[in-house]
Amino acid sequence: MSRILLADDSGTMRTIIRRSLEALGVTDIVEAADGNQATQLFAAGGFDAVITDWNMPGKTGIEVVRTIRQTDKTTPIVMITTEAEKTRVLEAIQAGVNDYLVKPFTTDNLREKLGRFTPVA
Amino acid sequence: MTTLAATPALDSLSFEYVRKLVLERSAIALETGKGYLVESRLMPIARAHGHGTLSAFIESLRRQPHGILHTQVVEAMTTNETSFFRDIHPFDALRTIVLPELVSARSAAKKLNLWSAACSTGQEPYSIAILLAEHFPALSDWTVNIYATDLSQQVLDRAQAGQFTQLEANRGLPAALLVKYFDKVGLHWHIKPAIKRRVRFLQANLIEPWPMLPAMDVIFMRNVLIYFTPETKRQILSKVRGQLAAGGTLFLGGAETTLGIDDAWRRVNHGKTSTYRLGPAANS
Amino acid sequence: MNETLVSDDQMLELLESVWSSMLYVPISAVPPKGDFTEHARLTASVHIAGDWNGTVLLHLTEPFAEFAAATMLASDTEGLTDADRDDAAAELCNIIGGSIKSLLPGRNSLSLPAIVKGEESLLRVPNTHVLATMDVQSAGQPLRIRILARTDRKPAESEFRQVASAGAAPAGNSRSH
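Sequence order for the protein chains is A, B and C.
Going by this note's numbering, the residue at position 19 of the first sequence is 19; the numbering climbs one at a time, nothing skipped.
Going by this note's numbering, the residue at position 271 of the second sequence is 271; the numbering climbs one at a time, nothing skipped.
Going by this note's numbering, the residue at position 7 of the third sequence is 7; the numbering climbs one at a time, nothing skipped.
Keep in mind that the hints were calculated from the coordinates and are not lab data.
Note that the coordinates shown come from a computational prediction; the quantities given were computed from them, not determined experimentally.
Where hints are given, some of them may not hold.
[Unchecked claim] BS3-like mimics (lysine-lysine), calculated; alpha carbons at most 30 Å apart, straight line:
{"id": "1", "chain 1": "B", "residue 1": "K20", "chain 2": "B", "residue 2": "K184"}
{"id": "2", "chain 1": "B", "residue 1": "K180", "chain 2": "A", "residue 2": "K86"}
{"id": "3", "chain 1": "B", "residue 1": "K272", "chain 2": "B", "residue 2": "K233"}
{"id": "4", "chain 1": "C", "residue 1": "K117", "chain 2": "A", "residue 2": "K59"}
{"id": "5", "chain 1": "B", "residue 1": "K184", "chain 2": "A", "residue 2": "K86"}
{"id": "6", "chain 1": "A", "residue 1": "K73", "chain 2": "B", "residue 2": "K233"}
[What the hints assert, rightly or not] Pair by pair, the computed Cβ-Cβ distance ranges are:
{"id": "7", "chain 1": "C", "residue 1": "D135", "chain 2": "B", "residue 2": "P137", "range": "49 to 59 Å"}
{"id": "8", "chain 1": "B", "residue 1": "V185", "chain 2": "A", "residue 2": "G25", "range": "35 to 45 Å"}
{"id": "9", "chain 1": "B", "residue 1": "M212", "chain 2": "A", "residue 2": "T87", "range": "20 to 30 Å"}
{"id": "10", "chain 1": "C", "residue 1": "D82", "chain 2": "A", "residue 2": "A44", "range": "55 to 65 Å"}
{"id": "11", "chain 1": "B", "residue 1": "D11", "chain 2": "C", "residue 2": "S28", "range": "49 to 59 Å"}
{"id": "12", "chain 1": "A", "residue 1": "L90", "chain 2": "B", "residue 2": "A138", "range": "46 to 56 Å"}
{"id": "13", "chain 1": "C", "residue 1": "A114", "chain 2": "B", "residue 2": "P65", "range": "46 to 56 Å"}
C-beta atoms are modelled at their ideal positions from N, C-alpha and C, and glycine is treated no differently.
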């Protein structure tokens, strides 16, 4: 069973993503409400994948990705964000995300993205 | 003012009702764990009929005799939402088994013909073109023709335009491929001309005479036979046999098979997907 | 709307994509009946800064905010808090703002969303003018989206009132382009 770190400053968005993950059979989800909390939680270890927003207080999602990638090159990271420009997608890939999902998204989108890296229903 | 209500998650009884309805009416089995699909496909119908929750809508379906609404539900659940690299496993088989075999078998002629035979808005033939560009750069001096046909000219026009909304781009395209093979123009992602040029779109109805096409090394005919009667399926599969080049491979949809319909085909298993071939098995 | 930056068609398309995937109800570009300010009680905003500067506002009614929150959280309306309604409205505005930002020239960044609510509140955005306004309806409720652009011209601010009673002062003192 996958354990996922979910970072988004919007409680509504965390609930939407959590519900989507639960529908995909992923129930071990640890939530972070800002970027600093996300990197602190990640440092404690034990995550199979990370889902992070871009625009958050404290560290941005890009900074979260860069921080994680300083020590961990392999844990899959999927960014889910409203940032929709091609330059942003490129920036996120360069920072080290494995995939990128633009909001709004459907559970099916998340299943496809996450399914490439971790078992989902 | 309209009464606005919430969308509680789908309960298992409601899911079971929809699963049975779809199975009885379409022979398509919804896997458990696909409750989210029921929700996203049926909520718009539920809302349109004044139901605030999916459970209330399904409860009313349950209480009334089968009619138009039940048909709408079955259609909403079985209509194929196309996506890039749909179901992924057939594309993995194409990349790791089918194409490497063809590349060595056709190395003298340096020519390949592939056909996406129900291409809808173009995601399938473009996925094939992207896969070729990404993983088979050695084919750049080959003649590679990707044909894409569909019943609907309207749909073909969209496919030919090669412009996809963000929601369409979200479906099945890894970000690395999105930025490599598409450009963002306004709200849409446009497939790059170099990929677009590789696909030839033609209108064709599978149950009418087919346009002149070359013998195909690979045919994708996925999720289209399910809509036909067994007799029509048999006729189409027989025509496919005539269209497939020697050593060619047919891909069908996950819920489709030639077994019991046209036994000239041999099913080849590739882990999570199968392909269909003609003639005796190669030495294994 | 200003054709050069965000066309009506683009605006409606981006709204439809948010509505179809998150709220499961249609949205249409039908102007609301009567004075919109009768209904608006809640305004969500995000700022865009960089090569282009301005603000995206989403004005909505309380029933719609409640509906959106309930749908997005898959919750009964009774279980919702004010914070849930505000956060849902903020997130909708954030997603709309992100899509609008992608249509603007140059490199820009999006602020975190904010909420203004209440019957007699006043939202003032200095040094801006209204670039575009779109009125839409969804689930029987009126909504309004505004794009404010930073300006050097007068009037030097956009001002929007949320009012309690019908027939109150029109919202905004700025020119529409």
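Each hint, compared with the structure:
1. Under the criterion of a C-alpha separation no larger than 30 Å, the hint pairing K20 (chain B) with K184 (chain B) is inconsistent with the structure, at around 42 Å.
2. Taking the CA atoms of K180 (chain B) and K86 (chain A), the gap is near 10 Å; set against the 30 Å cutoff, the hint holds.
3. A C-alpha spacing of about 24 Å is found between K272 (chain B) and K233 (chain B), which places the hinted pair at or below 30 Å, so the restraint holds.
4. Simply put, K117 (chain C) and K59 (chain A) have alpha-carbon atoms about 28 Å apart, close enough for the 30 Å limit, and the pair holds.
5. Among the hinted pairs, K184 (chain B) with K86 (chain A) is consistent with the structure: their alpha-carbon atoms are about 6 Å apart, no more than 30 Å.
6. With a CA separation close to 49 Å, the supplied pair K73 (chain A) and K233 (chain B) exceeds the 30 Å bound.
7. Remark: the range hint 49 to 59 Å for D135 (chain C) to P137 (chain B) is upheld by a beta-carbon distance near 52 Å.
8. Roughly 37 Å separates the CB atoms of V185 (chain B) and G25 (chain A), a value that falls within the hinted 35 to 45 Å.
9. One distance hint, 20 to 30 Å for the beta-carbon pair M212 (chain B) and T87 (chain A), is violated here, with the actual separation near 45 Å.
10. D82 (chain C) and A44 (chain A) have their C-beta atoms about 33 Å apart, which leaves the hinted 55 to 65 Å range violated.
11. Between D11 (chain B) and S28 (chain C) the C-beta distance comes to about 31 Å, which lies outside the given range of 49 to 59 Å.
12. The given range of 46 to 56 Å is broken by L90 (chain A) and A138 (chain B), whose C-beta atoms sit roughly 27 Å from each other.
13. For the pair A114 (chain C) and P65 (chain B), the beta carbons lie near 52 Å from each other, so the given range of 46 to 56 Å is met.
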